[in-house]
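Asks: Combine both chains into one complex, guided by the hints.
Residue numbers (my numbering), protein chains in the order written: chain E, 2 to 153; chain W, 17 to 128.
Heads up, a few of these hints could be off.
[Stated by the list, open to error] Chain W residues, not near chain E, derived (Cβ > 10 Å throughout):
| no. | residue |
| --- | --- |
| 1 | 38 |
| 2 | 40 |
| 3 | 42 |
| 4 | 45 |
| 5 | 60 |
| 6 | 66 |
| 7 | 74 |
| 8 | 75 |
| 9 | 83 |
| 10 | 89 |
| 11 | 119 |
| 12 | 123 |
[Claimed, not checked] Derived SDA-like pairs (lysine to any residue); straight-line CA-CA distance at most 20 Å:
| no. | chain 1 | residue 1 | chain 2 | residue 2 |
| --- | --- | --- | --- | --- |
| 13 | E | 114 | W | 105 |
| 14 | E | 93 | E | 103 |
| 15 | W | 49 | E | 94 |
| 16 | W | 59 | E | 107 |
| 17 | E | 37 | W | 31 |
| 18 | W | 59 | E | 37 |
[As the list claims (entries may be wrong)] Computed spacing ranges between beta-carbons, pair by pair:
| no. | chain 1 | residue 1 | chain 2 | residue 2 | range |
| --- | --- | --- | --- | --- | --- |
| 19 | E | 10 | W | 40 | 52 to 62 Å |
| 20 | E | 60 | W | 59 | 41 to 51 Å |
| 21 | W | 68 | E | 58 | 15 to 25 Å |
| 22 | E | 21 | W | 35 | 46 to 56 Å |
| 23 | W | 41 | E | 14 | 50 to 60 Å |
| 24 | E | 85 | W | 57 | 20 to 30 Å |
| 25 | E | 151 | W | 47 | 33 to 43 Å |
| 26 | E | 126 | W | 40 | 38 to 48 Å |
| 27 | E | 65 | W | 46 | 18 to 28 Å |
| 28 | W | 108 | E | 88 | 26 to 36 Å |
| 29 | W | 88 | E | 130 | 30 to 40 Å |
| 30 | W | 118 | E | 151 | 23 to 33 Å |
| 31 | E | 29 | W | 36 | 15 to 25 Å |
| 32 | E | 88 | W | 118 | 38 to 48 Å |
These aren't lab readings, by the way, just hints derived from the structure by calculation.
Predicted model, so just to flag it, every value in this text is computed and none were measured.
Built from N, CA and C at the ideal position, the CB exists for glycine as well.
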Amino acid sequence: MRLIFIGIIITSLLGAGAYVLKLQRDNVILKENAVKLESAISEQKTLIENQKKDFAEILEANKKINALVNNLKKDLDDLDKRFTKKDRDIGKLAIERTKVIERIINKGSENAKRCIEIASGSPLTEEEKNATKKSEINPECPSIANPAYIPY
Amino acid sequence: MLIPLIFLTNCSGVKQLSIFKEEVKRQELNLEKPSPLQLEQIKWIIITSENADEVFKKMEEQGLDPVLFGLTDNDYQLIAKNFAQIRNQLKITNDILDKYKEYYEPKEKNND
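Isolated chain W (complex conformation) (with noise of 0.2 Å):
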């Protein structure tokens, strides 16, 4: 009697909670940021009907090829635009790049 007893009081009763907790962190990508750009200085030159000789002469005299590449003052107009939504373009790519490293690597993790 007394054994179905004890054996009726333990086997119902409250049951110990376990709360199972997991954490891995993810391994930081780390990639270097290129080395920003050094670019080489071109010089325009303009060249007109009238200073055609001119200039032709002065490349000489300065021991340059006689020769230019041109473009017409409206495909000018178009390189100058083209070179300035590159650089947006190039900015705003870096400038997310520097924010996505901030949310996900902040500094102070870093620190840790």
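The following block holds chain E by itself, in its conformation from the complex (with noise of 0.2 Å):
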């Protein structure tokens, strides 16, 4: 009996040493995981902030695109109204004025040849970039040749 007794009290210590021993191994494996909770929760909050950064990319991308292809239209609308201008006439013109026409048209022809190259990701010229008077600029394409100018 008193041999069962101690049995009982030795096995109950060897149990609680066990089960502390355990305890220990799970503290350490608890701590190890809330550095990696830590770490995955930092990592979120980086691919949050860098999302928010691509937003913010994106609708700059499209507002500069936006404003692109207003300015191109104003161009083309801005070419319209030199053909028509005043109920202008260009054929008429060109048989009053031929030779004054045939020049405005080979000048205009220049400038829109060299509109062209630029929107084909030609780099623009010193001059181009610095004109800022109706006289110095392309008026085929000032808003991709004439970054410089202002209409006024």
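Replies: What follows is the structure, encoded as structure tokens:
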């Protein structure tokens, strides 16, 4: 009876010791898990920040493209106005002042050629970049050829 | 009695958390942008019933074939507008392409 009692006490002590060891191991794992979770949360925060930046970039790109489309549309409208301004008839003008109109048309054609080159990626010259006066700009496409020009 | 106790205390417990991360970066396309156009300058000649003879005579003097491919004044306006539309489309397409490249292949990443 006494031996059984001693056996129970020893077993209990060993069990308690093993349980404490297990708790210690669990504790280590829990600490590691906590570190991992914190790192995961931090990564998620970074991800959300990056997504915000991406959205801002997308909005900005859309804004710029829309502005470009509007400016180019304005250039096209201006071209139309130049042909029809004050009931202008370019045919009649060409009969009356052939040489002058020929010169104007050839100059316009040269400007239009340059506009296509710029639109295809040709870099702007310093003159084009710095043009601010009407006499300095490319009237066919000032929105893309003369970034410093503000219509007045 | 001791052995089952040890087994019991070890079987149930906290499991180690595993987070799997796999980041596979897509290869950048890196296509070269086409070279900007360098167009030839063309010369417009206005021909009317009054100057036709003079124009053809001058062309012959310059060694050119006395022939012209003509447009009416209305068609001239249309061709000018058509070219302006092509130019606008080219510019927009080019800029969209640049924006895509900036967005998906920013310079900071390229320098990494």
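Asks: Evaluate each hint against the coordinates.
Replies: For each hint, the structure was consulted:
no., hint, result
1, 38, "holds (13 Å)"
2, 40, "holds (16 Å)"
3, 42, "holds (16 Å)"
4, 45, "holds (18 Å)"
5, 60, "violated (5 Å)"
6, 66, "violated (7 Å)"
7, 74, "holds (12 Å)"
8, 75, "holds (14 Å)"
9, 83, "holds (18 Å)"
10, 89, "violated (3 Å)"
11, 119, "violated (6 Å)"
12, 123, "holds (13 Å)"
13, E/114 <-> W/105, "holds (15 Å)"
14, E/93 <-> E/103, "holds (13 Å)"
15, W/49 <-> E/94, "violated (43 Å)"
16, W/59 <-> E/107, "holds (6 Å)"
17, E/37 <-> W/31, "holds (13 Å)"
18, W/59 <-> E/37, "violated (73 Å)"
19, E/10 <-> W/40: 52 to 62 Å, "holds (60 Å)"
20, E/60 <-> W/59: 41 to 51 Å, "holds (46 Å)"
21, W/68 <-> E/58: 15 to 25 Å, "violated (59 Å)"
22, E/21 <-> W/35: 46 to 56 Å, "violated (29 Å)"
23, W/41 <-> E/14: 50 to 60 Å, "holds (57 Å)"
24, E/85 <-> W/57: 20 to 30 Å, "holds (26 Å)"
25, E/151 <-> W/47: 33 to 43 Å, "holds (36 Å)"
26, E/126 <-> W/40: 38 to 48 Å, "holds (44 Å)"
27, E/65 <-> W/46: 18 to 28 Å, "holds (23 Å)"
28, W/108 <-> E/88: 26 to 36 Å, "holds (32 Å)"
29, W/88 <-> E/130: 30 to 40 Å, "holds (38 Å)"
30, W/118 <-> E/151: 23 to 33 Å, "holds (26 Å)"
31, E/29 <-> W/36: 15 to 25 Å, "holds (21 Å)"
32, E/88 <-> W/118: 38 to 48 Å, "holds (46 Å)"
In the structure shown, a violation is registered for the earlier hints numbered 5, 6, 10, 11, 15, 18, 21 and 22, in ascending order.
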